[in-house]
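Chains as they are written, first to last, in the working numbering: chain R, 36 to 525; chain Y, 157 to 411.
Note that these hints are calculated values from the structure, not bench results. The model shown is predicted, which means the values in this text are computed figures rather than measured ones. It cannot be assumed that every hint is accurate.
Unchecked claim - Under 7 Å between C-beta atoms, here's a sample of chain R residues computed to sit facing chain Y:
#1 Phe46
#2 Leu121
#3 Gln123
#4 Gln129
#5 Cys131
#6 Phe141
#7 Asn145
#8 Ala358
#9 Phe363
#10 Asn387
#11 Phe388
Unchecked claim - Covered stretches of chain Y, going by a simulated chain R footprint (3 or more residues, C-beta under 8 Å):
#12 314-324
#13 350-356
#14 365-375
For every residue, glycine included, the Cβ atom is placed at its ideal position computed from N, Cα and C.
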Amino acid sequence: MISVEGLSFRFQGSPQYALRDVNLEISPGEFVVITGPSGCGKSTLALAIGGYLFRQYDGEATGRVRVADMDVRECPIYDVAEVVGLVQQNPEAQFCTLTVQDEVAFGLENRRLPRDEIQDRMAWALSIVGAEHLADRLLATLSGGERQKVAIAAMMAAKPQVLIFDEPTSNLDPTATAEVFQVIEHIQAKAGITVLVIEHKVDYLLPFKPRLVAMERGRIVYDGPVTQARYPGPLPAQQHLPATIGGEPVIRAEDLHVGYNATPVLQGVSLEIGPGEFVAVMGDNGSGKTTFLQSLLGLLKPTQGRVEVLGQDTHHISVSRLARQVGFVFQNPDHQLFAESVWQEATFAPRNFGALDKAAQARVEALLARCGLGDRQHDHPYRLSYGEKRRLNLISVLAYAPRLILLDELLIGQDIENATFLLELLREQVEQGDTVIMVNHHPEVTCRYASRLIFFNDGQTIVDAPTEEGFQQLAALGKEVYLPSTRRRP
Amino acid sequence: MKPRITYQPGHSVLHHLHPLVKGAWMLFGTVLVFVVPDPWAVLAVLGLVLLAFRVAGLRLGQVRGTRLFATTALLLAALQILFVRQGPVVVQIGPLAPTIGGVKAGIYVAGRFLSVVFLSYLFVLTTDPNSLAYALMQAGLPYRYGFTLITALRLVPIFEQEGQIVYNAQLARGVQYDARSPRRFLTLARQFFLPLLVSALGKVDALAVSMEGRCFGKYSTRTFLRTVHFTRQDATAAILLLLVTVATAGALAVL
Numbered sequence: 036m037i038s039v040e041g042l043s044f045r046f047q048g049s050p051q052y053a054l055r056d057v058n059l060e061i062s063p064g065e066f067v068v069i070t071g072p073s074g075c076g077k078s079t080l081a082l083a084i085g086g087y088l089f090r091q092y093d094g095e096a097t098g099r100v101r102v103a104d105m106d107v108r109e110c111p112i113y114d115v116a117e118v119v120g121l122v123q124q125n126p127e128a129q130f131c132t133l134t135v136q137d138e139v140a141f142g143l144e145n146r147r148l149p150r151d152e153i154q155d156r157m158a159w160a161l162s163i164v165g166a167e168h169l170a171d172r173l174l175a176t177l178s179g180g181e182r183q184k185v186a187i188a189a190m191m192a193a194k195p196q197v198l199i200f201d202e203p204t205s206n207l208d209p210t211a212t213a214e215v216f217q218v219i220e221h222i223q224a225k226a227g228i229t230v231l232v233i234e235h236k237v238d239y240l241l242p243f244k245p246r247l248v249a250m251e252r253g254r255i256v257y258d259g260p261v262t263q264a265r266y267p268g269p270l271p272a273q274q275h276l277p278a279t280i281g282g283e284p285v286i287r288a289e290d291l292h293v294g295y296n297a298t299p300v301l302q303g304v305s306l307e308i309g310p311g312e313f314v315a316v317m318g319d320n321g322s323g324k325t326t327f328l329q330s331l332l333g334l335l336k337p338t339q340g341r342v343e344v345l346g347q348d349t350h351h352i353s354v355s356r357l358a359r360q361v362g363f364v365f366q367n368p369d370h371q372l373f374a375e376s377v378w379q380e381a382t383f384a385p386r387n388f389g390a391l392d393k394a395a396q397a398r399v400e401a402l403l404a405r406c407g408l409g410d411r412q413h414d415h416p417y418r419l420s421y422g423e424k425r426r427l428n429l430i431s432v433l434a435y436a437p438r439l440i441l442l443d444e445l446l447i448g449q450d451i452e453n454a455t456f457l458l459e460l461l462r463e464q465v466e467q468g469d470t471v472i473m474v475n476h477h478p479e480v481t482c483r484y485a486s487r488l489i490f491f492n493d494g495q496t497i498v499d500a501p502t503e504e505g506f507q508q509l510a511a512l513g514k515e516v517y518l519p520s521t522r523r524r525p
Numbered sequence: 157m158k159p160r161i162t163y164q165p166g167h168s169v170l171h172h173l174h175p176l177v178k179g180a181w182m183l184f185g186t187v188l189v190f191v192v193p194d195p196w197a198v199l200a201v202l203g204l205v206l207l208a209f210r211v212a213g214l215r216l217g218q219v220r221g222t223r224l225f226a227t228t229a230l231l232l233a234a235l236q237i238l239f240v241r242q243g244p245v246v247v248q249i250g251p252l253a254p255t256i257g258g259v260k261a262g263i264y265v266a267g268r269f270l271s272v273v274f275l276s277y278l279f280v281l282t283t284d285p286n287s288l289a290y291a292l293m294q295a296g297l298p299y300r301y302g303f304t305l306i307t308a309l310r311l312v313p314i315f316e317q318e319g320q321i322v323y324n325a326q327l328a329r330g331v332q333y334d335a336r337s338p339r340r341f342l343t344l345a346r347q348f349f350l351p352l353l354v355s356a357l358g359k360v361d362a363l364a365v366s367m368e369g370r371c372f373g374k375y376s377t378r379t380f381l382r383t384v385h386f387t388r389q390d391a392t393a394a395i396l397l398l399l400v401t402v403a404t405a406g407a408l409a410v411l
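Go ahead and model the full structure; you've got the sequences and the hints to work with.
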């Protein structure tokens, strides 16, 4: 079905090849998972198989790509699109319309199919992804998992022979992730199409016994079944950190209610968090995790109740004053790069706070060197790779040594190597007595690094306990997908 | 916080009116307030527009920006009343002596301004933008342009949300929005818009892949699942508009 022979590709202006002599043969009906560290060329390979790489991106290409006997480098994308569907990482970015029906019908309308056939295919596509009940909804009102199901249905409506998923769950919580992977498996089994999934979270796909293709630096370094040697699984469990160092609470929330406009999000959260705690905040998307973090920096004010951070009521202190002691890393690295060089970015906050003294400069230099950015201080931050940007985000917060560090899904799109590096940096901060509160969707990370687990459900904390006990409570609540993979029932 | 100036779903006659017929009525109202020679006629049009708000089940006080526009209209009227000196003085208040001509000019300017603004509000608040785009395409607008409108409608709230995130991220890193000098203003603007621009470029890439991957642009025409129906009520409204336009044109010619 798919034949890639000696494919190499270098993007215009890039000194390095994104793909190097890639050879890959995929038979009809195969289920293939392509994995590898960030920037290894996985997504570039997906774009090549779909033909987009040769039409929409400038660069230097050699080798051949054939799909269903079509030479993808020579055929128009429209012809390749009749055979290959590509579901991208962020459904939000790939939607072309405003409603579910319009979105699923979009490709069929463009192909000038008659209305009756569009209706039939739309009903079939929504049913195969289990989204018939969403047919009359506006896209903006869907949850992340529902959006991804609609994006898949929109591709399936065209009845492709090959469906490529480019990290389809990177923005999803574990519940939605499990649902989307079940949909993918269902499609593959029912429709018998060839499925390629580009994914870091290989453990979710193991039950489907896929063929594993591992890439590194643009090359395929493994192609075969999933084995323990090839895929050792997620981070191993490790001794948890001490629960607390002791001292005055860093955070004290009492009956905290927070909302947007008239919509309540947090509803009566009460807790205390002390110095030296590494707190993992988990829960489904929309459960109030990000709202909780934002309320701790005073970005959102309580509508009822109160929250004190480092002894100061967030209702009565400005964000800029609180921010001197509270660091916040937001979800998307690109939303928080403001300066024109890596050095200026790393020193941006201390400069704004008037705290860029010699000690701060030395701290930044040491952090940059440790994060492999020491020789890139003059580069523009947007020239860094995704993983490097994330490191820079964290450095720019650690630069002014805040006592409380808030992290909103720091690990999205990070491979294990990058994630471990960032987490080790944070562990050191905690050992020095700083407090870290990290929203994340990775039970293994929580298990290994967090001393305490807080789980949000509909704006309330339904679990708040030392990590091990927290997982036991989650298991009792039936939140199986939030448990480390070794503890999930098969 | 008051709701954004965006479509408010409802079941009124105005909500159900075909977007293009409604647009034609709005255009007629806008032209009318500029061609009628009598200020009281302008006020009558404004009154009808406000009546239409009631018919649509909307309350102006609940719409963001109403107070700003009302204040602006009052200021415009006050300026005309104070500085236009035509005809006899209406009343002497200390040094102020507003004239009949000034009062009329004030009513003209404020009435026209509010009529145009509120007509636009009425159209935006009662028209599903998606239906408008599909109605335009089915009326002959090339579908590439129609989808430009839909894409803009889809991305505006996303960029609004991202703008808020960037602003919050800047506050968290100690950015002070204090434009003390043009240079500082430019720096703040660059720091704010650069992340949004980078994000927009990424979205354009993803959208291009998504659209081409679904054969957008393969043919010069396309079919439509969604049909914006032209009902008997729409036909009645269109004929009524035609009659009113002819009658108004005749009346204006006589005057």
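Non-conforming hints, listed in increasing numerical order: 1
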